[in-house]
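From first to last, the protein sequence lines stand for chains U, Y and F.
Each residue of the first sequence is one higher than the one before, starting from 196 at the first, in the working numbering.
Each residue of the second sequence is one higher than the one before, starting from 25 at the first, in the working numbering.
Each residue of the third sequence is one higher than the one before, starting from -14 at the first, in the working numbering.
If you are wondering where the hints come from, they were derived from the structure by calculation, not from laboratory data.
The model shown is predicted, which means the values in this text are computed figures rather than measured ones.
Using 30 Å as the maximum straight-line C-alpha spacing, the simulated BS3-like pairs for lysine-lysine come out as follows:
no. : chain 1 : residue 1 : chain 2 : residue 2
1   : U       : Lys197    : Y       : Lys89
2   : U       : Lys202    : F       : Lys99
3   : U       : Lys385    : Y       : Lys154
4   : U       : Lys202    : F       : Lys101
5   : F       : Lys125    : U       : Lys249
6   : Y       : Lys191    : Y       : Lys135
7   : U       : Lys197    : F       : Lys99
8   : Y       : Lys274    : Y       : Lys295
9   : U       : Lys385    : Y       : Lys115
10  : F       : Lys101    : U       : Lys385
11  : Y       : Lys41     : F       : Lys101
12  : U       : Lys415    : U       : Lys304
13  : U       : Lys200    : Y       : Lys78
14  : U       : Lys415    : F       : Lys99
15  : U       : Lys405    : U       : Lys415
16  : U       : Lys197    : Y       : Lys78
17  : F       : Lys125    : U       : Lys260
18  : Y       : Lys89     : U       : Lys202
19  : F       : Lys101    : Y       : Lys78
20  : U       : Lys304    : U       : Lys408
21  : F       : Lys101    : U       : Lys490
22  : F       : Lys99     : Y       : Lys78
23  : F       : Lys101    : U       : Lys200
24  : F       : Lys99     : U       : Lys200
25  : F       : Lys99     : Y       : Lys41
26  : U       : Lys415    : F       : Lys101
27  : U       : Lys200    : Y       : Lys89
28  : Y       : Lys154    : U       : Lys308
29  : Y       : Lys139    : Y       : Lys201
30  : Y       : Lys89     : Y       : Lys78
31  : F       : Lys99     : U       : Lys490
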Amino acid sequence: MKILKIKAWIRDNLDQIVLSLLIVPALALIFTFQFIPAAWTIWFSFTDMALIGKKALNWSFIGFKNYLDLITDVYFWRSMNVTIQYCAVSLVLRFTIGMLAALFMTLSKVKGKIFIAAVFLLPSAIPGIMHPYVWISMLEPNYGTLNTILGSFGLPRQSWTYGAVTESLIMINTWAGYTFTMILMASAFKSIPREYYEVAEVYGASRWQKFRKVTFPLIKFPLILCLILIFKEDIDDFTYAYMFTGESPRPDFKTELLSLYAYHKAFHYYELGFGCAVGFIIAIIVFVLTLLQLKFARL
Amino acid sequence: MVEITLENLTKYFDSVKALDNLNLKIRDKELMVLLGPSGCGKTTTLRIIAGLEKATSGHVYFGNKLMDRVPVRERNVSMVFQSYALFPHMKVFDNIAFPLIIAKYPKDEVKKRVKEIAELLRIDNLLDRKPHQLSGGQQQRVALGRALIRKPTVLLLDEPLANLDAKLRVEMRSEIKRLQRSFESTAIYVTHDQVEAMSIADRIAVLNNGQLQQVGTPDELYHHPDNIFVAGFIGTPSMNLLDCSFDEEKSILDFGPFTLDVPENIKPLLKGSSEVIVGIRARDLQVSKEKMQNSIPLEIYTVEPLGEETIIILISENVRIRVVTRLEFKADIGENVWVSFDLNRIHIFDKKTGRAIL
Amino acid sequence: MSSVLKKIGEPSYTLLEYVVLITLMIYVLTPLLWLLETSVNTDPTPYLSIPKGITIDHFIAVLTNRPITGGYAAHPVYMTRWIMNSLIISGTTVIIVVMLAALSGYSLSRLRFKGKNLLMTLILLSGFMPRMAMILPLFKLCRTLGFVDNLIGIAIVVSSGTLPTQIWILKGFFDQLPRDLEEQAWICGCDRISAVFRVILPNVGPGLAVVAFMSFLSGWGAFTVPLILIRREYLFPISLGIASVFIHNPGEIGLVVDYGPTCALAVLYAVPSIALYILLRERLMEIRLARLEVR
Ligand SMILES: Nc1ncnc2c1ncn2[C@@H]1O[C@H](COP(=O)(O)OP(=O)(O)OP(=O)(O)O)[C@@H](O)[C@H]1O
Ligand SMILES: [Mg+2]
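Extracted from the complex, chain U is given alone in its bound form (with noise of 0.2 Å):
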């Protein structure tokens, strides 16, 4: 009887459950692969594993403890202030500079659209793993590009890797960054109808009000989406402080991202748990900062 009723809902549902269904590998692989190795590192920040040595095999649960410490760890808030003017600042810049890189691809009058793309193109087209000797080239103090050129201007050289360290870290992240945001944007500039400007011009709008009333109200999404996107990557990638840093935290502190932090404390102290406590606090700056911007966007 039962059986027989089940058969009939199926029958009567089916279209919606295929539907539902095709949601489903996609599913299963976000869940195997980020949710289950997130879910294992929460669960890590509440032990005293450690990577090696004895805690290794017989560590144990101990609460709170890791965020306890972390909250009094004075390297904790040195880092945390590191990193908010790191994501801050190269959030503008990798939005900004993406954003004009899309706007010279897509409706700038510029001539030669391809080349332009193809140039912008070509920082994330190199290997990342190029990224640091490609930078060092630039900013070594005795035989850098970049210093070798404010010579020649009689200008005086920087200390870019050491005291403009984190300065430095903006300039490379920046430049390596602002990819995504330029080939978004550019697509978004493009599917804007061209009669909306047209209708625009009609009514005599300049070139700002254009923008405006025109164009910002269409992009508003997929920018909100940069932004989110560029944030995670921000506060989640170290490969650039790390190339400043190495396998220990520099004195000063300079390059200390908390993702980096974390790194060193799991990997070099093999505190393995604190370093997934910080792993976890970023995790949360990150859900919370999205769900706002989301909140904004909808407005």
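Knowing the structure of chain U, use the given hints to seat chains Y and F with the ligands on it.
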């Protein structure tokens, strides 16, 4: 090949009521026209019959079979969408052939039938183009070809000729009718165009605000409208509908500036009603420069010559009357003329309910 | 009058545009000069310098797997093999991501259920945990699944990371596609799936191109995941191969093995992405992003 029954169909889109308790039987092999103003629920009705939309309540039957849970593809319905919905990535040939290809017809058969139908619709020279390379009217005929190629049980046509020029429209209209007859499909045909409706329909169903107003043959609707809406909607120029009050004692209809005597045979029908609306078709009025029997004086407001006949609009205070005259009748704006009512041809409606009294 | 004003106004805008454009290009290109110079310099150095002589030897060295000499240790070099590995990883990633993002993007676009926005948000946020913090669990998980030293396994893990964004992008395309196309397909006798393949997918070409390109980039540039999961050097993707040719800790420049072939490889590495982008440009230029649905 099947009789379609719509039973108590009601459809809400959120809080918008698109269909209101619609009951309608479409007979086997009949061509039923759905007629009504924009937004009255015509497309919604077709979509429910096709299974694209679920009714909020009510049922659809094909013959005796309840269709509510039959998937779209198993209904053997063809539909021409108002928007054509041609597949942009396919050539015209593939668009038309699509239903046959899905049904796995042999290639030769497909080719032959596409060619036949394309010739019939005068699009056989366009088969290699993509839809975006066609004019609106050509696209519409491709959509029609795709709907007709499969000899469907039920044929749903949502304004299939709206974008054609007048001549082509008349030709296509008769082709559709002919094909529908030969396929023995039951067809529902949506249109705004009354002339088209009148000429193609076996029966017409008039809808307004999601409610069925009247079903009947074109003749019935024209000569015996059930209510004010149908009376005003059917026929060009549309029927004159004049507010008036019935004075039972004096036995007259009082229009304000003038009155008419009520014939004896109508009097009992009017008993008890005071506010009524009198309807009379422009063609059932006669104008003359001299006074005639049962006639009233009016002033000419505008004159619209239409070729074979002329439409004259007459006014007297706040009453406006449209009259169709022969072309020979010459008159100037501002001139006073006499209009006589053929009292056997008037319609009387209750003002409150809108229903026909006579 | 206004047209005169316009004529006066426009050139200054254009001039400004060119100034900004050229400044940006200098910023983008200057660092790359070194890469280009070194890849053809007979005497490569870690810094930008005027080449003493021009040569294509480095490119030939890369393409013939000539071992890189000098420096610390002679690493085994499997350049062509690495290029193949990278192609396998990114090709598989493209296939997986395009397929799954298309199916789930379509499903999310057409299904209506409570909590759909929540699910969409969760999908977007699925990568919220920093990669670094997940290294150990990810490694343990992949070892259980046999994904260690397994190129397809790498592609699967990389796909899971880029899928969320791609699902969002494709859902936007499906949202914009007129519903009546698939409705017409059903009427013509298609079921849900065949309508998707015959009518829907062919009409979201630009969307599929965007997703294909972005997932290609994420496969081609994958570094962390293969770093964790690949032990055997002949299974390295190029990114990792280059890393292994350079001795680690890039902060210490002196240890670098051989700049010439490495820069040549980097230049070669850039070619597929740029080529693919130019190839897909017209289609890429039409993106629509999913938005959460306000009801
Ligand atoms: N998907 C929808 N969501 C909300 N309201 C809808 C939807 N489809 C139709 N409606 C509403 O339902 C009513 C009937 O619409 P329908 O499309 O059936 O009209 P129609 O008679 O076909 O009009 P037209 O002659 O202009 O095509 C209209 O008021 C319309 O606004
Ligand atoms: Mg309609």
